[in-house]
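Just so you know, the protein sequences line up as chains A and B, in that order. Using numbering that gives the first Met the number 0, read the first sequence as starting at 0 and increasing by one per residue. Using numbering that gives the first Met the number 0, read the second sequence as starting at 0 and increasing by one per residue.
If you're looking for bench data, these hints aren't it; they were derived computationally from the structure. Using N, Cα and C, we set each Cβ at its ideal position, and we do this for glycine too. Keep in mind that the hints are not guaranteed to be accurate.
One side of the interface only, derived from the structure: several residues of chain B facing chain A at Cβ under 8 angstroms [claimed, not checked]:
1) Thr37
2) Pro39
3) Gly174
4) Arg190
5) Ile363
Stretch by stretch, here's where chain A covers chain B in the computed footprint (C-beta under 8 angstroms, at least three residues) [as the list claims (entries may be wrong)]:
6) 41-53
7) 261-271
Distance ranges between label pairs, derived from CB positions [what the hints assert, rightly or not]:
8) B/Asn260 <-> A/Ala78: 39 to 49 angstroms
9) B/Pro137 <-> A/Pro223: 49 to 59 angstroms
10) B/Pro206 <-> A/Pro223: 50 to 60 angstroms
11) B/Pro206 <-> A/Asp299: 55 to 65 angstroms
12) B/Leu101 <-> A/Gln391: 24 to 34 angstroms
13) B/Gly33 <-> A/Val434: 49 to 59 angstroms
14) A/Arg356 <-> B/Glu380: 22 to 32 angstroms
15) A/Arg356 <-> B/Ser359: 13 to 23 angstroms
16) B/Pro296 <-> A/Pro466: 28 to 38 angstroms
17) A/Arg110 <-> B/Asn260: 52 to 62 angstroms
18) B/Pro373 <-> A/Gln428: 52 to 62 angstroms
19) A/Pro431 <-> B/Leu101: 30 to 40 angstroms
Here is what each chain is made of, one letter per residue.
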Amino acid sequence: MLFPTIDFAVFFMVVFTGSWLLRPHRVAWRVFILAASLVFYGWWDWGLLYLLLLSIGLNWLFGRLVHRALTPDGDRTPASIWLVRIAVVANLGILGYFKYFSFFVTTITERLNSLGISVSTPVLQIVLPIGISFFTFQAISYVIDIGRGHWRQPLPLLDFAVYLSFFAHLVAGPIVRASEFAPQLDHVPDPRHVRSAEAFMLIFRGMFKKVVISSFLATQIVDPVFRLPGAFGRWEVLWAIYGYAIQIYADFSGYTDIAIGIALLLGIQFPLNFDSPYVATSLQDFWRRWHMTLSRWLRDYLYIPLGGNRGSKLFTYRNLFLVMLLGGLWHGANWTFVAWGCIHGGYLVGERVVKERWVGHEVGLPPRLVTALQWFLTFNVVCLAWVFFRAQSIGGAFDVLWQVVAGSGTDSGVTLLVILVIVGSVASQFVPESVPRRVELWFGRLAPILQIAGLGVGLLLIDALGPEGVAPFIYFQF
Amino acid sequence: MTTPGRPGSPPVRPPGERQEGFVRRVLLRPFRSGRPGTMPAGLVLVIMLLGLSLAMVLNADATLRKSNAKGDGWRNGVASVIATVSDTFQFTFARSRIDQALGKNQGTRIDAAELVRRQQEAEAAQQQADALEAARRPPVIAAPTPAAPVHLWVGGDSITQTLGSSLQRVIATTGVFTSTLDYHVSTGLARPDYFNWPEHLVKDVVPKDQPSILVMMFGANDGQNMTDLQGRGLQRGSPEWLTEYRRRVAATMDLLKSPTNDRLTIWCGPPPMGPGTKVHGMDEINHIIWSEASTRPWIQYFDTWPFFSDTNLQYTLEAPNADGVRRVLRQKDDVHMSVVGADRLSWALLDRISRLVDLSAGHIAPPPSEVAPPSIVERTEIPPTMPGAE
């Protein structure tokens, strides 16, 4: 079920009503939300529900076993450590099968064939279950946190099932931790104080980003250029690259905005997932603003276990690079994602080296100019990496980049509207957070009838400005 | 509801104030809550329900359009009812105006069948465009290595006998080719009743020999009358003859297209023939092959003409190679190539192949005594007739 559809609107009306009516009843509310979440997931493919249920059952069981293996003081034991490892391997095994099996088989077959060894492999049409990367990461974080002694008691099965399957974050995040979610299950929010203004604004902003901005840029410039870069001139390709940077931001952060808004209407608070990432003046800064819940997941469950920065500089650089490389692979089984991870990892390492060597040095330029140059460089490196992220193959990415260098410089078909949308979208990230906050407060003070009118007219405009039909969110594939 | 910020406390009405109606109290009055930006769940539900209903009514036309296009079943029925009501009360006016301004689809009563037909047309056009796009891509041949050489088939009429033998020798020096020579004397595309090349290529060469690269040459025997598909006789060189020959060339080229786009055909145009021979019209045949190949990336036209002509592109019996020594390029009949002529063409063909296939794993070192001088290059455009050509 996609958020910006009538199906979801009807679904949510029922869930909203049922949720607030059943909120005081501990078990009934949990059963209701779990059922609603399963319906939401099953709407895509009822046949894949088993996987979600398997993940719930398996990880809940691992959670209990790991907890039982800890000392009474919550300290780790060899048994608990091994159980966590088994749980992680089991989760990654399932994820790997669905996500990477075909990729590795194809790669190995091609390599052997290129060496003259003829290999025929069985053709497996593995359907990637939607959202598997997100709920698997959440499940892993739960088991690891128990193994680290962060939980006094593992969650009851029903609570864990609600946590892992909660429909608002199920298919594309944010990656919420059990420690953030579980306390909210026990805390019954006051039905007289639903944070509606903030929620409505988030939902509107998210829908506008997805339905209007993302779809517009995709159809107007990004998709045609990336499909056949050779048919476009240098400037069109360059704008398409910038356009994709905005498209993917609008698409993914739009989804997150809607998800956070919907959860908020049900009295559940999600962590922030995007914080104006394109204002970043370094790649490190970018990763503190882009897909923040994945960044901190990678930090806490990959970077720190790898040793983090508790070693030599080279050791830290290796860890940084590895984390970004694996972060790239998390997005999918394609060399393009490996390249994307390598660019980010390599640049992050480069940034560290430069900072460590040049910190405190005066470059003789005005600080504002230095900041502007840092922003320009960061933004363009991020855009360069997006080319690999978007392209179907490494060769396709180089085709796009080559066209920027060698394409004709005349006859740009980029419309003024496309340029305005791209520039405006980047500029909007520099708007202080206080401005949308003021709009929220203003909306919240409106008479209900005006809010109704605002909702109706807002949806009218979004539907009219968007294309016919809603494309799936980009991050659903991950 | 008048004091939503104070849960549990009953509404307090100052003395003398008139009791407000529900609509004014709940809907029209600016909302004040003890916590800014919040309101009771019940009122949120009312706002959402009415807001969504309003959006549904205002967007009724567009919703029905999308529903029609998708063939949405029961949703289509619901959308139709809402659109009827909205149209009756002119609620869709604003949306229609916006759509009009944006140049989008308008109206509600677009026939579902019409939408399906349009969609099918769009899909067919897309498929056609995709096929065209795929057809524009040159074949992809895996880079051969000594361990995994590429197989080359060379064939055609009797001229290919010398050319093929020479080409086999030249490509063998690279170490990354295997090859087959398959020539048939007195054959071409004019007399399929004598030897049917298209049939031979499709039934024998492609499935049995499985070449990744084909090098072929016809034409020297095609300067004769033909019959078309209806059995009518066509005078050699007449417009009808040229049309029929073009059709045969095109059909043969199409038959050589690999569905997996991993087969490359280098179709050599016939060289100029000596003035005393009875072989004419090679320039017209070259033009036909060149023009048909230009629309088919899996066929590469190779212009042999400059390799066997003088600086004025006229037939020459002998010419200097890259070492500056003049050598005889043709046999005594002024039609077939000498070994020297075949060698200089073979090295040129290998050079062309190396530009299409990554031969970096092979060894390519043409001796100057066997290759044409660098000044001899293929023409970029092949005219229908060459002045003075026989």
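Evaluation of the provided hints:
no. : hint                                      : in the structure
1   : Thr37                                     : 4 angstroms, holds
2   : Pro39                                     : 5 angstroms, holds
3   : Gly174                                    : 14 angstroms, violated
4   : Arg190                                    : 41 angstroms, violated
5   : Ile363                                    : 21 angstroms, violated
6   : 41-53                                     : holds (count 13)
7   : 261-271                                   : violated (count 0)
8   : B/Asn260 <-> A/Ala78: 39 to 49 angstroms  : 57 angstroms, violated
9   : B/Pro137 <-> A/Pro223: 49 to 59 angstroms : 22 angstroms, violated
10  : B/Pro206 <-> A/Pro223: 50 to 60 angstroms : 39 angstroms, violated
11  : B/Pro206 <-> A/Asp299: 55 to 65 angstroms : 59 angstroms, holds
12  : B/Leu101 <-> A/Gln391: 24 to 34 angstroms : 31 angstroms, holds
13  : B/Gly33 <-> A/Val434: 49 to 59 angstroms  : 25 angstroms, violated
14  : A/Arg356 <-> B/Glu380: 22 to 32 angstroms : 59 angstroms, violated
15  : A/Arg356 <-> B/Ser359: 13 to 23 angstroms : 40 angstroms, violated
16  : B/Pro296 <-> A/Pro466: 28 to 38 angstroms : 33 angstroms, holds
17  : A/Arg110 <-> B/Asn260: 52 to 62 angstroms : 21 angstroms, violated
18  : B/Pro373 <-> A/Gln428: 52 to 62 angstroms : 57 angstroms, holds
19  : A/Pro431 <-> B/Leu101: 30 to 40 angstroms : 32 angstroms, holds
In summary, the structure is inconsistent with hints 3, 4, 5, 7, 8, 9, 10, 13, 14, 15, 17 from the numbered list given earlier, while agreeing with the others.
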